[in-house]
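In order, the protein sequence lines correspond to chains A and B.
For the first sequence, this note's numbering assigns the number 117 to the initial residue and increments by one for each residue that follows.
For the second sequence, this note's numbering assigns the number 117 to the initial residue and increments by one for each residue that follows.
Derived by calculation from the structure, the hints in this document are not laboratory data.
Wrong hints could be hidden among the right ones.
Stated by the list, open to error - A partial selection of chain A residues facing chain B, derived with a Cβ cut-off under 8 Å: (1) PHE120; (2) GLU158; (3) THR171; (4) GLU180; (5) LEU226; (6) ASP228; (7) LEU249; (8) ALA327; (9) PRO437; (10) ALA458.
Unchecked claim - Each pair of labels, with its calculated beta carbon distance range: (11) A:GLU193 / B:ARG339: 29 to 37 Å; (12) A:PRO393 / B:ASP135: 56 to 64 Å; (13) B:GLU281 / A:ASN438: 53 to 61 Å; (14) B:ARG124 / A:VAL134: 35 to 43 Å; (15) B:ASP308 / A:ASP263: 54 to 62 Å; (16) B:ARG201 / A:GLU317: 21 to 29 Å; (17) B:GLU281 / A:GLY236: 53 to 61 Å.
From the three backbone atoms N, C-alpha and C, an ideal C-beta is built for every residue, glycine too.
Number of protein chains: 2
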Amino acid sequence: MVQFDFTRRTRDCQSALVDVGADAAIVSPSPDMEYLTGFTDEPDRRLLFLVVLATGESVFIVPEMYREQIADATEVEDVRTWPWRSPETAMDLVEALLSEHDLRDGTLLLEDRMWATFVGQFHAYFPDATFGLASDVLEDLRIRKTDEELRALEEAGSLSDEVAEEIRGLGADVVGMTERELAFEIKTRLRDHGSTGVAFEPMVGAGPNSAKPHHRHSDRVIREGDPVMMDFGGIVDGYLGDQTRTLVFGGEPPAEFEDVHETVLEAHERGVDAVAPRVTAETVDEAAREVIEAAGYGDAYYHRTGHGVGLELHEPPFLKPNNDRELEPGMVCSVEPGVYLAGRFGVRIEDLVVVTESGCERINDTPRTWEP
Amino acid sequence: MVQFDFTRRTRDCQSALVDVGADAAIVSPSPDMEYLTGFTDEPDRRLLFLVVLATGESVFIVPEMYREQIADATEVEDVRTWPWRSPETAMDLVEALLSEHDLRDGTLLLEDRMWATFVGQFHAYFPDATFGLASDVLEDLRIRKTDEELRALEEAGSLSDEVAEEIRGLGADVVGMTERELAFEIKTRLRDHGSTGVAFEPMVGAGPNSAKPHHRHSDRVIREGDPVMMDFGGIVDGYLGDQTRTLVFGGEPPAEFEDVHETVLEAHERGVDAVAPRVTAETVDEAAREVIEAAGYGDAYYHRTGHGVGLELHEPPFLKPNNDRELEPGMVCSVEPGVYLAGRFGVRIEDLVVVTESGCERINDTPRTWEP
Numbered sequence: 117m118v119q120f121d122f123t124r125r126t127r128d129c130q131s132a133l134v135d136v137g138a139d140a141a142i143v144s145p146s147p148d149m150e151y152l153t154g155f156t157d158e159p160d161r162r163l164l165f166l167v168v169l170a171t172g173e174s175v176f177i178v179p180e181m182y183r184e185q186i187a188d189a190t191e192v193e194d195v196r197t198w199p200w201r202s203p204e205t206a207m208d209l210v211e212a213l214l215s216e217h218d219l220r221d222g223t224l225l226l227e228d229r230m231w232a233t234f235v236g237q238f239h240a241y242f243p244d245a246t247f248g249l250a251s252d253v254l255e256d257l258r259i260r261k262t263d264e265e266l267r268a269l270e271e272a273g274s275l276s277d278e279v280a281e282e283i284r285g286l287g288a289d290v291v292g293m294t295e296r297e298l299a300f301e302i303k304t305r306l307r308d309h310g311s312t313g314v315a316f317e318p319m320v321g322a323g324p325n326s327a328k329p330h331h332r333h334s335d336r337v338i339r340e341g342d343p344v345m346m347d348f349g350g351i352v353d354g355y356l357g358d359q360t361r362t363l364v365f366g367g368e369p370p371a372e373f374e375d376v377h378e379t380v381l382e383a384h385e386r387g388v389d390a391v392a393p394r395v396t397a398e399t400v401d402e403a404a405r406e407v408i409e410a411a412g413y414g415d416a417y418y419h420r421t422g423h424g425v426g427l428e429l430h431e432p433p434f435l436k437p438n439n440d441r442e443l444e445p446g447m448v449c450s451v452e453p454g455v456y457l458a459g460r461f462g463v464r465i466e467d468l469v470v471v472t473e474s475g476c477e478r479i480n481d482t483p484r485t486w487e488p
Numbered sequence: 117m118v119q120f121d122f123t124r125r126t127r128d129c130q131s132a133l134v135d136v137g138a139d140a141a142i143v144s145p146s147p148d149m150e151y152l153t154g155f156t157d158e159p160d161r162r163l164l165f166l167v168v169l170a171t172g173e174s175v176f177i178v179p180e181m182y183r184e185q186i187a188d189a190t191e192v193e194d195v196r197t198w199p200w201r202s203p204e205t206a207m208d209l210v211e212a213l214l215s216e217h218d219l220r221d222g223t224l225l226l227e228d229r230m231w232a233t234f235v236g237q238f239h240a241y242f243p244d245a246t247f248g249l250a251s252d253v254l255e256d257l258r259i260r261k262t263d264e265e266l267r268a269l270e271e272a273g274s275l276s277d278e279v280a281e282e283i284r285g286l287g288a289d290v291v292g293m294t295e296r297e298l299a300f301e302i303k304t305r306l307r308d309h310g311s312t313g314v315a316f317e318p319m320v321g322a323g324p325n326s327a328k329p330h331h332r333h334s335d336r337v338i339r340e341g342d343p344v345m346m347d348f349g350g351i352v353d354g355y356l357g358d359q360t361r362t363l364v365f366g367g368e369p370p371a372e373f374e375d376v377h378e379t380v381l382e383a384h385e386r387g388v389d390a391v392a393p394r395v396t397a398e399t400v401d402e403a404a405r406e407v408i409e410a411a412g413y414g415d416a417y418y419h420r421t422g423h424g425v426g427l428e429l430h431e432p433p434f435l436k437p438n439n440d441r442e443l444e445p446g447m448v449c450s451v452e453p454g455v456y457l458a459g460r461f462g463v464r465i466e467d468l469v470v471v472t473e474s475g476c477e478r479i480n481d482t483p484r485t486w487e488p
């Protein structure tokens, strides 16, 4: 179990609030809440907020039934609970807290993922406040990973790799399974390797379903000759894995498949080679994309080349055109070019890499061939 | 596979928009989107909206990479995609659509779960619009379940029950497992019985962890004499199961446990007995609560008695004090009183019921005793 320094993270958040001239960040259940306290939960209709004040305090405002759980799970000492009998007093607690600090007309940064229903309440309770988004202070803190975070990401990557190799090892046994059965197989094996969950519902797309980049899984039976795109990742200490391979488990792949696979693999390698400190995100995207465009598949590659990964599956930096953000040591991102031929098949190959002082290192490293 | 009538649901939503004097509902990925179209996805930073216009049209605005998937999965014919290269044009597409219908200053109902980051964009793009919440029209549609929905809920309940009975049947074999191992066991068995996922990450709380109503699971080993609270449910066609039992798998339960269990069971039965059409939600809460208060555990029961269940785990009607909403045939809700003695143990017993013309019927029905 990696230990994270939540006190330092909170202090950094407070300094960042001062730097941008904001008074408080109001964080609902989200990766931001997990980053700052180690605790989060499914977002719900119940009001549950962490308020981080620029002046140096941190306060949880939670339903009474969460009191013991939050006290056990976090280092935050000021936990205020609203009585379940009168939920309308929940926002009153927020108001009392902000009034104590003279912030009814302050600059309040709301969690980016806060539900519209709560956003509306903030606007109604604090008509004189100025509102912004919590990512104004948290994005820059979360984007560069510490050694402890990298350790968790590497463990999540390793166990995802172990499962990827096992699935590859099943070979022709996969033929005849449904996409959903294979997805369950992946989830079970992730757990067996020590994952505390799945980074996202695994994608298993066979045949034409592999041409839908965000397909999950269906009852389609995997047949001989089907390209099978598998995108999944485990979780270690809250940090996510994410890798993709496209295999054909038996029989002859469809016409053009081998060319497409070779093109995507080449694009993936060029992308990874391009990742280095001071290189811009768009440069990496370009490096991968020009291989695919040169091969004539430019129109069939209609998504960005990669995204950051941490506590959240899709977070900055985003490797895409027109993003001139420079990569820095400690950033972690996916490199995942793909080609999708609608109604026929798709190929994507994805690994995570961490930016180092001199270039990058792969977090994933299993065979990238399409033959098991 | 139950077939739902998405065309009718959308038409009902449009009539409701007219009734409340609103012009459009703008729905981000959520149970509302699933209700209206059969499609949803994890909420993400990518803009993906369904716009339902009071005038009778329905339009998806989605990233290019979702085009094929949305076209295959839904009946919505007008699917407009924004080019991945310039995501800033996504809101421009929304603007163009609303301008076509002369609604830049209309009344727009935003999905309750829409992220703050998108809410902010709507306020910036449409400064003259009036904003409300999509639940203003969708809550009343979703709260009464059709026969098709009830069929799915009953199947989800049955398979959850089957797993509950199997776990009960493990008896003393559970002693020595960790909470997490038992949770994985539950998830695996839900899948084996045909569930397409878990309604929520199962709760397995042993010993003092059973006194935390929203605990998930930890590495704590289940010991002899531990009360073990298990709250979980499967999913069938998108509809959720949700039931709770508290068992002692071996050894002697702690002092006072048997009294508490008897009290909670009595409260549960009284609650279920109270569910009937034209009875108010608060009346059901009261029926269960007065048993627990009379036994002297009133302070240890600090949550509502139940909530509606459908595509969403916690949805109206909420069985709680001061809620005078009358129950109606077709509503489905949990009845789940509990007593939580901090640092010692907790007991909760939960079943779903459906309101009928004359009273209610249980969706779950497995033994409610604490002995396996």
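The hints, checked one at a time:
Hint on A:PHE120 is violated. Least Cβ distance to chain B is approximately 17 Å, over the 8 Å limit. With 8 Å as the threshold, the beta carbon of A:GLU158 comes within range of chain B, its nearest partner Cβ sitting at about 7 Å, so the hint holds. For A:THR171, the shortest C-beta to C-beta distance to chain B is roughly 23 Å, which exceeds 8 Å, and the interface hint is violated. The interface hint given for A:GLU180 holds, since its Cβ lies 5 Å from the closest Cβ of chain B, which is under the 8 Å cut-off.
Contact between A:LEU226 and chain B, as hinted, is supported at the beta carbon level, the nearest pair being about 5 Å apart and thus within 8 Å. Because the smallest distance between the Cβ of A:ASP228 and any Cβ of chain B comes to about 4 Å, under 8 Å, the interface hint for this residue holds. The closest approach between the C-beta of A:LEU249 and any C-beta of chain B is roughly 6 Å, which is under the 8 Å cut-off, so the hint is satisfied. Look at A:ALA327: its Cβ gets to within about 7 Å of chain B, closer than 8 Å, so that hint holds up.
Look at A:PRO437: its Cβ gets to within about 5 Å of chain B, closer than 8 Å, so that hint holds up. Checking A:ALA458 against chain B by beta carbon gives a least distance of about 5 Å; that is within 8 Å, so the hint holds. Between A:GLU193 and B:ARG339 the CB atoms are about 31 Å apart, so this pair conforms to the stated range of 29 to 37 Å. For the hinted restraint 56 to 64 Å between A:PRO393 and B:ASP135, the CB-CB distance of approximately 58 Å keeps it satisfied.
For the hinted restraint 53 to 61 Å between B:GLU281 and A:ASN438, the CB-CB distance of approximately 57 Å keeps it satisfied. Taking the beta carbon of each, B:ARG124 and A:VAL134 are about 54 Å apart, not inside 35 to 43 Å as hinted. For B:ASP308 and A:ASP263, the hinted distance range of 54 to 62 Å is not satisfied, since their beta carbons lie about 41 Å from each other. For the hinted restraint 21 to 29 Å between B:ARG201 and A:GLU317, the CB-CB distance of approximately 27 Å keeps it satisfied.
For B:GLU281 paired with A:GLY236, a C-beta distance near 44 Å fails the hint of 53 to 61 Å.
Going down the numbered hints, you'll see the structure goes against 1, 3, 14, 15, 17, while the others check out.
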